[in-house]
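Going down the list, the sequences are from chains A and B. Residue 1 is where the first sequence starts when you use our numbering, and the numbers rise one by one after that. Residue 292 is where the second sequence starts when you use our numbering, and the numbers rise one by one after that.
Rather than coming from a laboratory, the hints here were simulated on the basis of the structure. Backbone N, C-alpha and C define an ideal beta-carbon position, used for all residues, glycine too. Where hints are given, some of them may not hold.
[Unchecked claim] Heads up, simulated SDA-like pairs for lysine to any residue below, C-alpha to C-alpha not over 25 Å straight-line:
no., chain 1, residue 1, chain 2, residue 2
1, A, Lys69, B, Pro409
2, B, Lys725, A, Trp65
3, B, Lys629, B, Pro409
[Stated by the list, open to error] Here's a subset of chain A near chain B, in silico, CB distances under 8 Å, partners left out:
no., residue
4, Ala47
5, Glu129
6, Phe261
7, Ala280
Listed here are the chains, written in short residue letters.
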Amino acid sequence: MTSTVRTRRFIVIGLLPALLLFSFFVIIPIIWSAYYGFFDWKGIGTAKFIGFDNYSEIIHDEVFWRSLKNNMLVVAASVFGQVPIALVLALLLLKNSWIHKFIRTAVFMPMVLSSVVVGIIWGYIYHPEIGILNFLLDSLGLESWKRQWLGDPAVSMYSLMVPIIWNYIGPYLIMFIAALHNIPSEMDDAAKIDGAKGSRKLFSLTLPLIWDTIKVAVVLCISGSLKSFDLIYIMTGGGPAHSTELLASYMYNNTFAIYRFGYGSAVSTAIIIISLFLIAGSQYLMKSKNR
Amino acid sequence: MNKKLSIVATSLVTTSILLAACGSNGDTNSNSNGKEKVMLSLWHNYTGDDQRAQTMRAIIEQYQKDHPEVELDVQAIPPDGYRTRLKTVAAANEMPDLFVMWPGVMTKEFQSGNLLQPINELLDSKKEWKDGFLPGSFDGFSIGEDIFSAPIALSPTSILYYNKSILEENGLQPPKTWDELMNAVTVLKEKKITPIALGNKAAWLAQSSIFSSLADRVTGTEWFLKAAAQDGAKFTDPEFVEALTYLQDLGKAGAFQDGFNSIDNTQMEQYFAQGKAAMMIDGGWALTNLAASASKETLEQMGATVLPSIPGGKGDPNTISGVVGTGIGMSSKVKDAKKQAAYDLMYAMAGPDAQKRVLESNQLVSYKVDLDKTKVTPIFAEVYDLVNSVTTTPVYDGVMSSAVADELNNGLQDLLMGGKPEEIAKKVQAAQEKEAK
Chain A
1 MTSTVRTRRF IVIGLLPALL LFSFFVIIPI IWSAYYGFFD WKGIGTAKFI
51 GFDNYSEIIH DEVFWRSLKN NMLVVAASVF GQVPIALVLA LLLLKNSWIH
101 KFIRTAVFMP MVLSSVVVGI IWGYIYHPEI GILNFLLDSL GLESWKRQWL
151 GDPAVSMYSL MVPIIWNYIG PYLIMFIAAL HNIPSEMDDA AKIDGAKGSR
201 KLFSLTLPLI WDTIKVAVVL CISGSLKSFD LIYIMTGGGP AHSTELLASY
251 MYNNTFAIYR FGYGSAVSTA IIIISLFLIA GSQYLMKSKN R
Chain B
292 MNKKLSIVAT SLVTTSILLA ACGSNGDTNS NSNGKEKVML SLWHNYTGDD
342 QRAQTMRAII EQYQKDHPEV ELDVQAIPPD GYRTRLKTVA AANEMPDLFV
392 MWPGVMTKEF QSGNLLQPIN ELLDSKKEWK DGFLPGSFDG FSIGEDIFSA
442 PIALSPTSIL YYNKSILEEN GLQPPKTWDE LMNAVTVLKE KKITPIALGN
492 KAAWLAQSSI FSSLADRVTG TEWFLKAAAQ DGAKFTDPEF VEALTYLQDL
542 GKAGAFQDGF NSIDNTQMEQ YFAQGKAAMM IDGGWALTNL AASASKETLE
592 QMGATVLPSI PGGKGDPNTI SGVVGTGIGM SSKVKDAKKQ AAYDLMYAMA
642 GPDAQKRVLE SNQLVSYKVD LDKTKVTPIF AEVYDLVNSV TTTPVYDGVM
692 SSAVADELNN GLQDLLMGGK PEEIAKKVQA AQEKEAK
């Protein structure tokens with residue numbers, strides 16, 4: 001037995017437990033769920049095989065498309081909100097003085113709060129009767145800016161983005177700071193010798209060196225926001241009249257509120273497909289940018 | 292050798308972890324005398340701090356004390372998640388022995404999945420108890436001759452609560468007709484008082500509390516039952532569109548406070564309890580909350596009546612939409628000694644004593660009990676009298692399937708934001724047609 005074969009065998013055995021758990025709790029449920037998507041099933045009683053009917057209903061359901069659109073808005077807000085803000089903060093808060101540490105902690109804080117708590121806090125900020133935001137606008141003499149932040153479909157989706165961005169800056173900030181600390185100091189010295197400063201240094205040295213981290217952050221961001229559910233569920237429940245529905249809440253409502261398990265399964269399969277496409281697409285885009 | 296050992300060890304660990312994760316405990320158990328103890332599982336949603344929940348918990352504890360030969364496995368699940376949990380175990384065919392369940396759609400679904408067994412035997416053995424229920428109490432729990440539960444609550448869903456002092460100060464009377472209601476809205480609006488408190492975030496409230504009665508006034512009960520069965524009537528019929536238009540007019544007149552789509556039922560009850568709104572259209576469930584959150588003086592200021600009549604409406608104005616509330620259901624798997632124990636517990640929780648204690652906890656019941664008015668709040672006594680003097684009409688989501696009710700709920704939210712009544716009617720009709728297929 002050669003040593004490479006032995007190592008390889010050991011790697012397989014070492015991975016086996018994790019692989020088994022992963023397939024039991026992730027892969028198999030995904031396949032099951034896609035399979036249930038072919039049935040008309042209320043969760044109780046017999047399931048009736050209906051072929052692609054659920055999937056074609058998804059394509060024809062305007063609420064699904066609205067959820068998809070809202071979800072894309074959330075993805076955009078996360079990718080173009082969370083990541084750049086986290087990056088800028090990371091660049092500003094790189095030093096280890098106490099004030100920097102304090103601000104870093106403050107930015108990370110929402111992350112350790114349960115999203116139910118965050119949802120309730122922001123629910124009160126936006127509250128139509130006793131909300132701080134409307135109260136603040138009142139006292140600044142900006143009555144005309146007052147809105148029903150969560151009740152008016154024209155603004156509710158945008159109101160929801162603020163807590164979503166605010167809530168998840170923390171982890172990206174930590175990732176970026178770690179990446180920035182990993183840049184070898186020789187690079188800094190070399191940049192100094194070559195006379196690169198300020199934005200020139202940022203764009204030619206710092207950003208390319210942490211580009212991989214940014215890519216990871218963007219992927220996490222996309223997959224995270226496609227799954228986003230908790231904050232919206234607490235704050236609006238997808239309402240009023242489906243105006244803030246996201247893919248996950250649409251799936252949840254169909255499955256657990258009106259008990260169409262088959263249809264809900266089909267929707268979750270659709271979500272997986274959309275997520276895979278988005279992530280593949282973003283990977284491709286960022287790869288070509290790197291060249 | 293060493294390598295082989297490690298392979299064996301790794302796979303052992305893996306399998307044991309997996310087995311531990313998948314395994315479950317058996318449910319037979321014997322006590323020290325060698326005599327078999329009866330294991331009985333019960334799921335309920337009496338987790339709150341309100342009087343009714345406390346009373347029910349006390350009854351269950353008492354039963355356990357009186358029956359040492361029974362080992363109760365009680366799971367108390369908060370109301371918000373209860374239905375979902377129950378439906379989930381129903382999907383997996385792992386029902387507890389006894390559980391709190393709803394009449395109507397849920398009973399039908401469970402019965403068609405063979406998850407329930409009838410309790411006619413128990414009811415017939417206690418004739419006096421069975422006869423004590425108000426007429427129609429078992430309707431929602433019956434399929435054919437089989438009765439599956441006895442209700443422990445009555446939920447009128449649409450009572451017009453009003454604040455006597457606010458109405459008096461503005462020279463108004465509790466509205467009896469639609470015009471009086473619209474007039475009250477205008478007068479109160481001018482004085483910058485919220486006419487009607489509404490919290491429709493969860494979307495079912497406008498449907499269950501306002502629309503179920505309002506639409507009944509316009510269309511009459513017969514039309515609704517026909518439309519729900521798609522038998523000679525459709526939701527696109529002019530009378531349904533007219534009912535939707537009435538609700539929209541009320542919204543357009545500014546009857547509800549700002550942001551009613553983003554506050555919930557409890558917040559709306561508090562808003563009314565604090566005297567910030569002149570009226571509120573809410574169900575009988577508000578009574579326990581009001582008793583808990585309003586001061587004694589405010590409670591004395593509250594009155595209750597039926598929704599106003601509609602000019603030319605086909606329905607009887609002296610009605611309240613309502614359903615009998617939850618009861619205890621029994622799993623089809625319960626047999627032998629377990630069955631007797633289950634019957635005893637069911638009787639303890641829904642029998643005459645329990646009904647009386649529940650009523651005295653400010654919760655209406657569908658059972659003939661003489662109410663001792665000193666034990667409850669004045670508004671409860673008023674609602675109790677009101678409910679006993681009117682007839683009950685169906686609630687929309689008690690008759691419609693959950694998918695159609697969901698369409699209507701969202702439609703009503705849309706309607707109050709300016710959606711077209713005709714289009715909402717069309718969507719409801721489409722959902723109903725799909726369901727009938």
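A quick look at each hint next to the structure:
{"no.": "1", "hint": "A/Lys69 - B/Pro409", "result": "48 Å, violated"}
{"no.": "2", "hint": "B/Lys725 - A/Trp65", "result": "20 Å, holds"}
{"no.": "3", "hint": "B/Lys629 - B/Pro409", "result": "15 Å, holds"}
{"no.": "4", "hint": "Ala47", "result": "10 Å, violated"}
{"no.": "5", "hint": "Glu129", "result": "7 Å, holds"}
{"no.": "6", "hint": "Phe261", "result": "7 Å, holds"}
{"no.": "7", "hint": "Ala280", "result": "32 Å, violated"}
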